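Engineer: Construct the entire structure; sequences and hints are all you get.
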Amino acid sequence: MENTKYIEELTGYLSNLTADEQADVIDFYNEYILDANLTTDEDIMAQLGNPKQLSRKILADYSIKATNDETAGTPHYEPKPKKNIRMIWLVILAIFAAPIALPLAIAIIGVISGLLVVIFAVVASVFIIIISFFAAGIAAVVAGLSIWSQSVATAGLFIGSGLTIFGLSLIALPISYLVVKVLIQMTANFSKFLYNRFVTSKNTTKEAK
Amino acid sequence: MSISITTELLDGCVLALLSKEDYYGYTLTQRVQEFSPVSESTMYPVLRRLKKDNWLETYDEAYQGRNRRYYKITDTGLDRLIEIKSDWHEYKQTLDNVLGGEK
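As you go down the protein sequences, you meet chains A and B in turn. Take the first sequence: its position 151, counted from the start at 1, is 288 in my numbering, and no numbers get skipped. Take the second sequence: its position 35, counted from the start at 1, is 37 in my numbering, and no numbers get skipped.
Some hints here could point you the wrong way.
As a list, the in silico DSBU-like pairs of lysine-lysine whose alpha-carbon atoms are at most 35 Å apart [to be verified]:
(1) K142(A) with K329(A)
(2) K318(A) with K53(B)
(3) K22(B) with K329(A)
(4) K219(A) with K87(B)
(5) K53(B) with K94(B)
(6) K54(B) with K94(B)
(7) K22(B) with K87(B)
(8) K74(B) with K329(A)
(9) K74(B) with K220(A)
(10) K318(A) with K219(A)
(11) K54(B) with K87(B)
(12) K53(B) with K189(A)
Hint data in this document are derived by calculation from the structure and do not stem from the laboratory. If you're wondering where the values come from, they're calculated on a predicted model, not measured in any experiment.
Structural biologist: This is the structure in structure tokens:
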């Protein structure tokens with residue numbers, strides 16, 4: 138059989154799926170290739186794209202389905218932000234592999250990566266602010282302890298405000314984690330929307346009956 | 003000009019085809035491509051989702067020493083088809099009002 142090389146390569150790219158899912162995909166495309174009478178790898182690629190492109194579409198679809206399932210309450214092994222980042226990445230790859238106009242693809246990728254840069258900037262600045270609060274708190278406590286012998290009242294003021302700042306940074310930590318999570322979720326939903334809009338079907342005139 | 007078909011409408015079209023007869027993957031893809039230029043790689047995810055939602059079921063039939071997987075609409079699939087059809091008619095009328103219909 139000529140197409141085994143194509144199928145073999147496709148299987149290689151699907152290693153993230155379970156054995157059942159892999160078998161289902163491979164069965165479908167094996168049958169499709171035979172029924173479509175695609176005898177050479179060139180014929181197959183003309184119809185289905187190269188194995189890598191096809192696998193990206195398949196994986197992007199699985200990943201999107203997986204996050205949808207998750208919101209429906211099915212537990213999943215990966216924590217959600219990580220899963221979402223993986224999905225955003227897969228959608229970018231799928232958009233690259235999709236037969237849509239290059240300028241459009243570049244624009245979409247630009248928007249998604251712009252959002253990711255914003256998220257990164259927010260994460261970085263929040264992280265730095267928290268670190269400096271931490272440091273300021275510790276410094277104030279240390280300063281307070283060092284002047285304990287001279288003035289207990291001043292020392293108390295320093296230690297008290299130091300501990301307050303310290304406590305505030307501890308409160309800020311889970312809040313900023315939440316904000317970052319929401320931002321990532323929004324970007325994920327947005328990429329999902331883009332994926333559905335541009336990749337699911339080729340953009341061409343459709344005539345309704 | 004380009005209008006792309008939405009997921010729901012594509013689901014509806016696939017279910018509508020299957021409500022008339024059972025198809026295997028290749029012929030079903032061919033039939034869908036007669037009215038909407040979906041790519042070959044679009045059909046697999048669609049069929050997988052429809053099966054997962056129990057709107058269609060599959061059965062295998064031997065053909066020239068291999069299996070062909072046929073897709074068959076279920077009762078819930080028929081219900082879903084009616085739902086999509088009425089949604090579509092409503093949507094079509096709304097759009098005709100906005101876009102001017104035949105005139």
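Engineer: Are any of the numbered hints broken by this structure? If so, which, sorted upward?
Structural biologist: 4
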